[in-house]
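The whole structure should be built from the sequences, with the hints applied where relevant.
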Amino acid sequence: MKITIPHLGNLYVFVKVLFDCLAVEYILPPPCTKRTLEIGTKYSPEMACLPLKINLGNFIESIELGADTIIITGAGGPCRYGYYCKMHEEMLKDLGYSNVKLIAIDPYAGLPALLKSIKTIFGTVDFINIAVSGVRAYRVMAEVDRLDKLCYYIRPRELVKGSANAVMRLLRDKIYSARNIGEVKKIVKETRAALLNIEVDTTLNPLKIGLMGEIYTIIEPFTNFNMEELLGDLGIEVDKTLTISKWIKEHLVKLHNHKEKAEYDKACEPYLKTPIGGHARESIGHSALYAKRGGDGIMQIYPLTCMPEIVASSILPALSRDYDIPLLTVVIDEITGDAGYKTRIEAFKDLLLKKREAKNNDGLLCRN
Amino acid sequence: MYQNYSLMELLGYKNHIINLYYFGKCGGKIIKIAIPRALLYYEYYPLWKSFFEALGAEVILSSKTTKDIMNDSIKYCVNDACLPVKLFHGHAKSLIGKADYLFIPRLKSIAKGEHICPKISGLPEMVKFSVPGLPPIIDTEVNLRKSKRSLKKSFFDAASYITQDKKNIQKAATLALSAHREYISALKSGKLPSELLENTHLTKPTASDLNIAVLGHSYNLYDSYSNINILNKLAAYKAAVYTPEGFEDALIDKYSRIKGKKMFWSLGKRQLGALFGYIERKMDGIIYIMAFGCGIDSFIADLCERYAKRNGIPFYLMILDEHSGEAGINTRIEAFTDMIRWKKRNENYNPAFR
Numbered sequence: 001m002k003i004t005i006p007h008l009g010n011l012y013v014f015v016k017v018l019f020d021c022l023a024v025e026y027i028l029p030p031p032c033t034k035r036t037l038e039i040g041t042k043y044s045p046e047m048a049c050l051p052l053k054i055n056l057g058n059f060i061e062s063i064e065l066g067a068d069t070i071i072i073t074g075a076g077g078p079c080r081y082g083y084y085c086k087m088h089e090e091m092l093k094d095l096g097y098s099n100v101k102l103i104a105i106d107p108y109a110g111l112p113a114l115l116k117s118i119k120t121i122f123g124t125v126d127f128i129n130i131a132v133s134g135v136r137a138y139r140v141m142a143e144v145d146r147l148d149k150l151c152y153y154i155r156p157r158e159l160v161k162g163s164a165n166a167v168m169r170l171l172r173d174k175i176y177s178a179r180n181i182g183e184v185k186k187i188v189k190e191t192r193a194a195l196l197n198i199e200v201d202t203t204l205n206p207l208k209i210g211l212m213g214e215i216y217t218i219i220e221p222f223t224n225f226n227m228e229e230l231l232g233d234l235g236i237e238v239d240k241t242l243t244i245s246k247w248i249k250e251h252l253v254k255l256h257n258h259k260e261k262a263e264y265d266k267a268c269e270p271y272l273k274t275p276i277g278g279h280a281r282e283s284i285g286h287s288a289l290y291a292k293r294g295g296d297g298i299m300q301i302y303p304l305t306c307m308p309e310i311v312a313s314s315i316l317p318a319l320s321r322d323y324d325i326p327l328l329t330v331v332i333d334e335i336t337g338d339a340g341y342k343t344r345i346e347a348f349k350d351l352l353l354k355k356r357e358a359k360n361n362d363g364l365l366c367r368n
Numbered sequence: 001m002y003q004n005y006s007l008m009e010l011l012g013y014k015n016h017i018i019n020l021y022y023f024g025k026c027g028g029k030i031i032k033i034a035i036p037r038a039l040l041y042y043e044y045y046p047l048w049k050s051f052f053e054a055l056g057a058e059v060i061l062s063s064k065t066t067k068d069i070m071n072d073s074i075k076y077c078v079n080d081a082c083l084p085v086k087l088f089h090g091h092a093k094s095l096i097g098k099a100d101y102l103f104i105p106r107l108k109s110i111a112k113g114e115h116i117c118p119k120i121s122g123l124p125e126m127v128k129f130s131v132p133g134l135p136p137i138i139d140t141e142v143n144l145r146k147s148k149r150s151l152k153k154s155f156f157d158a159a160s161y162i163t164q165d166k167k168n169i170q171k172a173a174t175l176a177l178s179a180h181r182e183y184i185s186a187l188k189s190g191k192l193p194s195e196l197l198e199n200t201h202l203t204k205p206t207a208s209d210l211n212i213a214v215l216g217h218s219y220n221l222y223d224s225y226s227n228i229n230i231l232n233k234l235a236a237y238k239a240a241v242y243t244p245e246g247f248e249d250a251l252i253d254k255y256s257r258i259k260g261k262k263m264f265w266s267l268g269k270r271q272l273g274a275l276f277g278y279i280e281r282k283m284d285g286i287i288y289i290m291a292f293g294c295g296i297d298s299f300i301a302d303l304c305e306r307y308a309k310r311n312g313i314p315f316y317l318m319i320l321d322e323h324s325g326e327a328g329i330n331t332r333i334e335a336f337t338d339m340i341r342w343k344k345r346n347e348n349y350n351p352a353f354r
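Protein chains in written order, with the numbering used here: chain A, 1 to 368; chain B, 1 to 354.
For the record, the hints were derived by calculation from the structure and aren't laboratory data. Hints may be right or wrong, so weigh each one.
[What the hints assert, rightly or not] Taking lysine-lysine and the DSS-like style, the derived pairs with C-alpha atoms no more than 25 Å apart in a straight line are:
{"hint": "1", "chain 1": "B", "residue 1": "Lys262", "chain 2": "A", "residue 2": "Lys101"}
{"hint": "2", "chain 1": "A", "residue 1": "Lys273", "chain 2": "B", "residue 2": "Lys153"}
{"hint": "3", "chain 1": "A", "residue 1": "Lys254", "chain 2": "B", "residue 2": "Lys262"}
{"hint": "4", "chain 1": "A", "residue 1": "Lys93", "chain 2": "B", "residue 2": "Lys191"}
{"hint": "5", "chain 1": "A", "residue 1": "Lys116", "chain 2": "A", "residue 2": "Lys273"}
{"hint": "6", "chain 1": "B", "residue 1": "Lys233", "chain 2": "B", "residue 2": "Lys191"}
{"hint": "7", "chain 1": "B", "residue 1": "Lys261", "chain 2": "A", "residue 2": "Lys249"}
{"hint": "8", "chain 1": "A", "residue 1": "Lys292", "chain 2": "B", "residue 2": "Lys309"}
{"hint": "9", "chain 1": "B", "residue 1": "Lys191", "chain 2": "A", "residue 2": "Lys101"}
[Claimed, not checked] Partner residues are not named here, just some residues of chain B that face chain A (Cβ under 8 Å, in silico):
{"hint": "10", "residue": "Ala81"}
{"hint": "11", "residue": "Lys108"}
{"hint": "12", "residue": "Ser130"}
{"hint": "13", "residue": "Ser298"}
Backbone N, C-alpha and C fix where the C-beta goes; we use that ideal spot for every residue, glycine too.
So, in structure tokens, the structure goes:
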């Protein structure tokens, strides 16, 4: 049994370390490329959301490398993500991959079903060992998430532009070829040291933009045109509240950070009274909190036809007016040309700069 | 003598008489509550109408969808929402200045363990922050995902804008639920929502040789402006039309239980259930009407297509958007019905491809 997973940001680190620890055979899907997207788009329903398509591309590319079992997480709705497992099953069936097995880790299917699927994946009922390895893998992944976060700080401030990107670009390949958890940990540690070695201008006060929106398009760098790098290279500090480590903690293990949840729930209250699925409430609540913390602008990113984020996107303009914080909504689909997005982001950056200038100069646009 | 009136009109007259009697006594001002003729209007209008009228309020319904409403919809709603949600914005806009309150229930779940759709759950806020100048919104939450008991609270919530009299509210709620049951049983007996709510009847084909199942959410099937009158068009091509509303709930439950994963959207469940029901009844063809940008249907329509194909039933997916041109639809329906007729006549004789 060779297991594979869909890509979701740094999820591959978690899966790699976990399966290495438990000696499970697995195949990591090749990093998302244009080909992944093309395969996914070709075989998926036309109007499905982008993550479904790219995940299908991941699966097919992994199957080509020899994988025969796919793990996907399920959910209870109302977001479409909850139904991905069934859709993938049907699509793969019609494509003729009938020998491929699909295992859904679905917290909503009930505990017995969940335990059974965990048992089939790991081939053991030693749940303590699985949990311990899970925690170890989680820690490594959280460390990689922290590396990303460190980069948000470094990129706008580094003296030699592109040094952080040069370090980070090697990380994925290195982790892919690592042989055990020790090596992965060593690689992460070295990368961290390399990042900390980069010379930065600590006096700089760069523009700050909060990335909000649908989790997949925020986390997976291929889908959002490496938005973090793009913004960082433009001299903007990025703030991202959703990370994959947090998603695993909240979605699969059901450990919520109650203090934080209460905080954004309260901020969201005047705009959206109840949770509606997906991350709509998080998008709105975190945007309000981010504006209060002194961010310069908000960027909402979501795939075309994402149901919860459409609701958020029709509410966010009101929030943007109330908190006086500019908002840029970016909708992502199968188009891979990034020039249009770059132009819009540059224009947004100019707008934010002018706004900051006006604020510093007491409302005057120019003091010459 | 009453057969020329729809069920709704009769209900309205009855409640009107009650109102006159009630307010004649206490001399109060009649509160006007506006309900947009869009989205789940086709499912729950009798319920809410009889509820509010039993409380002594007047219910104002927006007009049928027109070009102006469509234009307003496009103007006010975010541009990547689906067509029915957009239309809801247009209908809400058309009700400005006509009522004291705008009623937009937040329908999160209508059955245990099921959901409706994120956009419908967030509808009150979507409309509130998109359309300027609206009257105050009554955004009663209906959430029966965990248990049915919260329905009572929803009724009290909605009624709190009109009266605080608990006994009266209780009575109105009972009345509303019985009106709803009446409506549902009328639907199950084969009547269409457009017949019951608007008194518009489908033109029955004189001699039909095709049985075509038309699937889709009720707001896509029965808004004859947005779907360019497709049900009547099918009748013009001599096809008898079957829709999912006529299915018993038990049958829907039975058929929609597909292996692997519980279908958690109530509206999607009905389509899947009806699909399997119609496959079993050996329909000649299935048309699925989907609105552009509908999240649920992007999956359900695809599943339906796969299942219909596996069972060898011709399937056609029609996607509605803001276009109002009829020619394209006409051509496609004509082509679809022709293909089915040819298939029936000489499926096993096709020299061109042999």
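Hint numbers not upheld by this structure, sorted from lowest to highest: 4, 5, 8, 9
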